[in-house]
Every structure is written in structure tokens, then in C-alpha cells.
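Please arrange chains B and C on chain A, whose structure you already have, making use of the hints.
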Amino acid sequence: MDIPILKIEDFLVVTIQSELSDDEIYELQEDILSRIKDVGATGLIIDITALDIVDSFMGRTLSNIAATAELLGAKSVVVGIRPAVAVTLVELGIRVKWNVNTALNLERGIRLLKRLIEAERRGGAS
Amino acid sequence: MRESGLLAKMSDAETEKRYTALYNAVVSTFSTGKFDDVERYAKEITEGVVLRDTSVERIIGGILKLRDIYERFIFSEYRDDEEMLYQLLASYEPVANNILTIVTMAFVEAREQVIREQQKAMMSLSTPVLQIRDEILVLPLIGTIDSERAEQILEELLKRIVELTASVVIIDLTGVPVIDSLVANHMIKTVQAAKMLGADTIITGISPVNAQTLAGLGVDLSMLITKNNLRAGLWHAEKMLGFKVIRERETE
Amino acid sequence: MNITSSADIIAARGKGRELAMKMGFSVVDQTKITTAISELTRNIVTYAGKGEVIIKKAESETGGKNGIVVVCRDEGPGIEDIQLVLKSGFSTSESLGLGLSGAKQLMDEFEIKSKPGKGTIVTIKKWLRRR
Numbered sequence: 000m001d002i003p004i005l006k007i008e009d010f011l012v013v014t015i016q017s018e019l020s021d022d023e024i025y026e027l028q029e030d031i032l033s034r035i036k037d038v039g040a041t042g043l044i045i046d047i048t049a050l051d052i053v054d055s056f057m058g059r060t061l062s063n064i065a066a067t068a069e070l071l072g073a074k075s076v077v078v079g080i081r082p083a084v085a086v087t088l089v090e091l092g093i094r095v096k097w098n099v100n101t102a103l104n105l106e107r108g109i110r111l112l113k114r115l116i117e118a119e120r121r122g123g124a125s
Numbered sequence: 000m001r002e003s004g005l006l007a008k009m010s011d012a013e014t015e016k017r018y019t020a021l022y023n024a025v026v027s028t029f030s031t032g033k034f035d036d037v038e039r040y041a042k043e044i045t046e047g048v049v050l051r052d053t054s055v056e057r058i059i060g061g062i063l064k065l066r067d068i069y070e071r072f073i074f075s076e077y078r079d080d081e082e083m084l085y086q087l088l089a090s091y092e093p094v095a096n097n098i099l100t101i102v103t104m105a106f107v108e109a110r111e112q113v114i115r116e117q118q119k120a121m122m123s124l125s126t127p128v129l130q131i132r133d134e135i136l137v138l139p140l141i142g143t144i145d146s147e148r149a150e151q152i153l154e155e156l157l158k159r160i161v162e163l164t165a166s167v168v169i170i171d172l173t174g175v176p177v178i179d180s181l182v183a184n185h186m187i188k189t190v191q192a193a194k195m196l197g198a199d200t201i202i203t204g205i206s207p208v209n210a211q212t213l214a215g216l217g218v219d220l221s222m223l224i225t226k227n228n229l230r231a232g233l234w235h236a237e238k239m240l241g242f243k244v245i246r247e248r249e250t251e
Numbered sequence: 000m001n002i003t004s005s006a007d008i009i010a011a012r013g014k015g016r017e018l019a020m021k022m023g024f025s026v027v028d029q030t031k032i033t034t035a036i037s038e039l040t041r042n043i044v045t046y047a048g049k050g051e052v053i054i055k056k057a058e059s060e061t062g063g064k065n066g067i068v069v070v071c072r073d074e075g076p077g078i079e080d081i082q083l084v085l086k087s088g089f090s091t092s093e094s095l096g097l098g099l100s101g102a103k104q105l106m107d108e109f110e111i112k113s114k115p116g117k118g119t120i121v122t123i124k125k126w127l128r129r130r
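First to last, the sequence lines map onto chains A, B and C.
Per numbering that gives the first Met the number 0, the first sequence starts with residue 0, numbered consecutively.
Per numbering that gives the first Met the number 0, the second sequence starts with residue 0, numbered consecutively.
Per numbering that gives the first Met the number 0, the third sequence starts with residue 0, numbered consecutively.
The following block holds chain A by itself, in its conformation from the complex (with noise of 0.2 Å):
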């Protein structure tokens, strides 16, 4: 399955299309940490719209990317979450180690990552 990831400015975007196997999400998971890598990206967004259902499984994996892209030097942002996902995922208990930020949608996504990236900048000088 290919997913695609674009580049946009110094960020990438990846956009679920289906559900995918969890297989198909270790695949992903290589893939857009590599591309981070290669491509020196300082954001990530991925977009969920598209799935209506993220299990726990996901949600985890959602948190691994974001953490691991952290250790790559990229923050990342979570669109397109479904209001019955978001309600199914607080229900889930996600919360409580879901460290992933989020926004409603790609604008709103690129809009936060460059106020995160712009946070930590100033955060940073010291």
C-alpha cells in the first residue's frame, strides 16, 4: 500500500486514506521516520480524516510517531480526527499518555507546527 507522503515548506504530510492492516502501519511508521530523516523535515503532519476508527493500537502508534519524529528533530501534528474517533479515544482512556498534539485540519496543522517550532525556538536560546 502505498501512502503518500508530500512535502510541504520543510514539513511532511501523510494522508491516511484507508484502513490499513497493522502491518501496513509498521510500514508507515518506517517510512515517514526515514523521510524525516532524509528530507531534514522540522514538522509532520498526519492526516486521519479518512479513518473512522482508531483503536488503541493506533492511538499508540500515533504517539510513537510523534515521539520518535520528536527525537529526529520534528514535531508533529495529528489532523482530521473524526468527532465519534474523539469521543471513542477519550473513552478509551488515550488521554492519559496521549501526547499528541492535534488540529482540526491541514491548515490549522501547519498552522500549529509553526507555532510549536516558533515556541521551542525562542524556548531554546539560552
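Bear in mind the hints are in silico, worked out from the structure with no lab data behind them.
Heads up, some of the hints might be wrong.
Unchecked claim - Taking lysine-lysine and the DSSO-like style, the derived pairs with C-alpha atoms no more than 30 Å apart in a straight line are:
| hint | chain 1 | residue 1 | chain 2 | residue 2 |
| --- | --- | --- | --- | --- |
| 1 | B | 194 | C | 124 |
| 2 | B | 194 | A | 36 |
| 3 | C | 112 | B | 158 |
| 4 | C | 124 | B | 158 |
| 5 | C | 49 | C | 117 |
| 6 | C | 55 | C | 21 |
| 7 | A | 113 | B | 194 |
| 8 | C | 103 | C | 117 |
| 9 | B | 158 | C | 14 |
| 10 | A | 6 | B | 194 |
| 11 | B | 158 | C | 21 |
| 12 | C | 56 | B | 119 |
| 13 | C | 64 | B | 188 |
| 14 | A | 6 | A | 36 |
| 15 | C | 64 | B | 158 |
| 16 | C | 21 | B | 119 |
| 17 | B | 194 | C | 103 |
| 18 | C | 124 | B | 119 |
| 19 | C | 124 | C | 112 |
| 20 | B | 158 | B | 188 |
| 21 | B | 188 | C | 124 |
| 22 | B | 158 | B | 243 |
| 23 | C | 64 | B | 119 |
| 24 | C | 117 | B | 188 |
| 25 | C | 112 | C | 14 |
| 26 | A | 6 | B | 119 |
| 27 | B | 188 | C | 21 |
| 28 | B | 158 | C | 103 |
| 29 | A | 113 | B | 119 |
| 30 | C | 21 | C | 117 |
| 31 | C | 103 | C | 56 |
| 32 | C | 114 | B | 188 |
| 33 | B | 188 | A | 113 |
Unchecked claim - Pair ranges (Cβ atoms, derived):
| hint | chain 1 | residue 1 | chain 2 | residue 2 | range |
| --- | --- | --- | --- | --- | --- |
| 34 | B | 113 | C | 114 | 50 to 58 Å |
| 35 | C | 56 | A | 37 | 50 to 58 Å |
| 36 | A | 113 | B | 242 | 16 to 24 Å |
| 37 | C | 83 | B | 113 | 49 to 57 Å |
| 38 | B | 97 | C | 65 | 30 to 38 Å |
| 39 | A | 5 | C | 59 | 45 to 53 Å |
| 40 | C | 48 | A | 28 | 47 to 55 Å |
This structure is a prediction, so every number in the text was calculated from the model and none was measured.
In this text, a Cβ means the ideal position worked out from N, Cα and C, and glycines have one as well.
Chains B and C in isolation, oriented as in the chain A frame:
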């Protein structure tokens, strides 16, 4: 026959039909020993018809009259046979009383149904989600919120956040005197779900009682933004979004 | 239906969503049900290797309610201390516990029977809400 004739004289055509139905139901009860017909009768007259107090009064009055008529009849027929009289009365009275109870309770239930529906309608009045700035929504909650209502509020709010691409939601609890811990839990979930849609939530107007309920939940409240009142909440929301409101000129 | 691989998880979810939609559950409830199915079937694949799941309409004893019931059965290692696993944050079987407690949170009724060495049966139900 005489009885139904007596009753017919005191009512208009519609109620006469009902009295006949009542009479038939009562007769069938006494002859079959089963209350099915009475229950069916009661159901029929309470469903679909707006019962005015006068017709309720007439029907109950009618049942009581019937009861008295029968009782007097039993007395007059069996006044010489004391034992038979007592036996008859003993078996008659509970049946007659039950008939009355069934019909009365049907009326009561019908009234309560109306009250329930009105309560439901009232609750659905309490939560419009209002947009007061481009990216700011306000949700003024009013009255008592139960678990089911809280769920509806959550779903409605999320829907509006998406529709109006809101970044900040202000939930005002000034009009909600008491929330139980179940509903408080729902509030927290609402805040978290909104966050997933990229919207921050500010809660305003929390009464001291509700503040205690929230604190007592044992949930991490550090991500909750709270302000004393809606005005402070709006000011904070504007600040978060980088708005600054300046007064251009003094009003007269 | 049988569960042996992650593709089956997706298939089970599809079946669940289909039935839930047909029965008239709200979108949010459909998502909760489907996600709960995902959690449980994933547990089967991860911890038992294989098992089966049954998704169908639920009978209510009082006869008044309509609902959906999902039964997940496997002959895997079984769970020794159910209560412990259900408490989220239990470290060694984290995803198992999260999956089970997650499914419990999302549904109206949750029942689990498990014996070490014998396997596990999880039954979950959700009822249609009157609107």
C-alpha cells in the same frame, strides 16, 4: 339496562359512548373475573385524546356511581339473606375498587407522560452552541444536566466545532447550580475530545459546589482552563487567539 | 467468524459496523462498538494466536431493549488475575489490559471468563438508546 339509561341522560353523545364502553367493561369484569377489558378501556380513553379535567371528573364520577348502583342493588336484592349479602359484598368490593384504581392510574400515568415529555423539551432548549467570534464558540448551559443530556451536548459541540472551525470553546456553567460527578466526568471528556479537534476549552461560571465536585473527581485537571465568568473567559479566549479589542471612540 | 490475522481484525470491524449501522445505532455508538471489537480481536491475535468472534443482535431479558452483542472466544493462555489486568496501567500486559478495559469503557455490558491454560471468553453488549 336501567343503569346505563340513567347515565346516558346526564352526558353528551361522546361521553355516552365512553360510559357504554365503561359499562360493558365493568360487566365483563364481573362475569369473567378478569380485568383485561377494564385495562383496555382505560388505555383507550387515555391514549390519543386530550383529557380535560371535566371529562376525567365525569368518568371517575361515572365509575363511582356505577359502583354505588351495583352496591345498592346487591343490598336490595339480598337484604334478607345476611350471609349471602356479606359474601357478595366481600367479593364485589375489591373488584369494584380495582376497576376504579385501574382507570384512575391510567389517568395519572397519562399526565405523567405529558410532564416527562415537557421536561425533555425543556432540556433540549438549554444548549445552543453560539459563535461569537470567528473562532470562538460559547455554550451557555442552563438547568439540570443529566448523563444523557451531557452526551448530547458533547456530540452537538463537537459537530459545531467542525462545522464552524472553532479554536476555542467557552462553556459557561453559571446557569447550572449542581452537577453530579458523572456529569462532571462528562465535562472533562468533552474538554479532551474538543482538544482532539484542535479546540481549547475555557470553563466559566463554576459555582463553589461544582468546583468541589470537579476537584473530587481525582482526574488530572491541569489542562482545564477556568475563568470566573464569561466576560473573563471571552477576554482570555481573544488573547489566546491573538485578538486585541480596542475601543475606538467613547459612546455618548 | 475466525480470527487469525490482523486482516481478520479489519473484517470483524467491518461486520460490526455494518450490523450496528443497520440496527440504527448513532455514529458515535457505531464507532464505539467497532473500536471495542477491534480491541478484543486484536487481543486474540496478539495473545492467543487464533480465536473466533460472533457479532449479532442481543436479546434482552425484559424484552424491551434492542442491542448488539459481541462474543470473543479463544483457547489461548488465559488470564490469571483478571482484576489486575483490567486496571489500566498494569505494565507487563499493558496492551491486553488496555484493550480489555477499553472495550469495557466503550460498551454497556462487559463480561469475561478466563482460566489460565484454558482460554478466554469475553462478551460485550451495547443497547440502543431511546432518543
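Each hint, compared with the structure:
no. : hint                         : verdict
1   : B:194 with C:124             : holds (29 Å)
2   : B:194 with A:36              : holds (29 Å)
3   : C:112 with B:158             : violated (39 Å)
4   : C:124 with B:158             : holds (26 Å)
5   : C:49 with C:117              : holds (13 Å)
6   : C:55 with C:21               : holds (11 Å)
7   : A:113 with B:194             : holds (18 Å)
8   : C:103 with C:117             : holds (22 Å)
9   : B:158 with C:14              : holds (26 Å)
10  : A:6 with B:194               : holds (26 Å)
11  : B:158 with C:21              : holds (22 Å)
12  : C:56 with B:119              : holds (29 Å)
13  : C:64 with B:188              : holds (27 Å)
14  : A:6 with A:36                : holds (13 Å)
15  : C:64 with B:158              : holds (28 Å)
16  : C:21 with B:119              : holds (27 Å)
17  : B:194 with C:103             : holds (23 Å)
18  : C:124 with B:119             : holds (27 Å)
19  : C:124 with C:112             : holds (15 Å)
20  : B:158 with B:188             : holds (15 Å)
21  : B:188 with C:124             : holds (22 Å)
22  : B:158 with B:243             : holds (28 Å)
23  : C:64 with B:119              : holds (20 Å)
24  : C:117 with B:188             : violated (38 Å)
25  : C:112 with C:14              : holds (24 Å)
26  : A:6 with B:119               : violated (51 Å)
27  : B:188 with C:21              : holds (28 Å)
28  : B:158 with C:103             : holds (25 Å)
29  : A:113 with B:119             : violated (46 Å)
30  : C:21 with C:117              : violated (35 Å)
31  : C:103 with C:56              : holds (18 Å)
32  : C:114 with B:188             : violated (35 Å)
33  : B:188 with A:113             : holds (28 Å)
34  : B:113 with C:114: 50 to 58 Å : holds (53 Å)
35  : C:56 with A:37: 50 to 58 Å   : holds (51 Å)
36  : A:113 with B:242: 16 to 24 Å : holds (18 Å)
37  : C:83 with B:113: 49 to 57 Å  : holds (51 Å)
38  : B:97 with C:65: 30 to 38 Å   : holds (34 Å)
39  : A:5 with C:59: 45 to 53 Å    : holds (50 Å)
40  : C:48 with A:28: 47 to 55 Å   : violated (24 Å)
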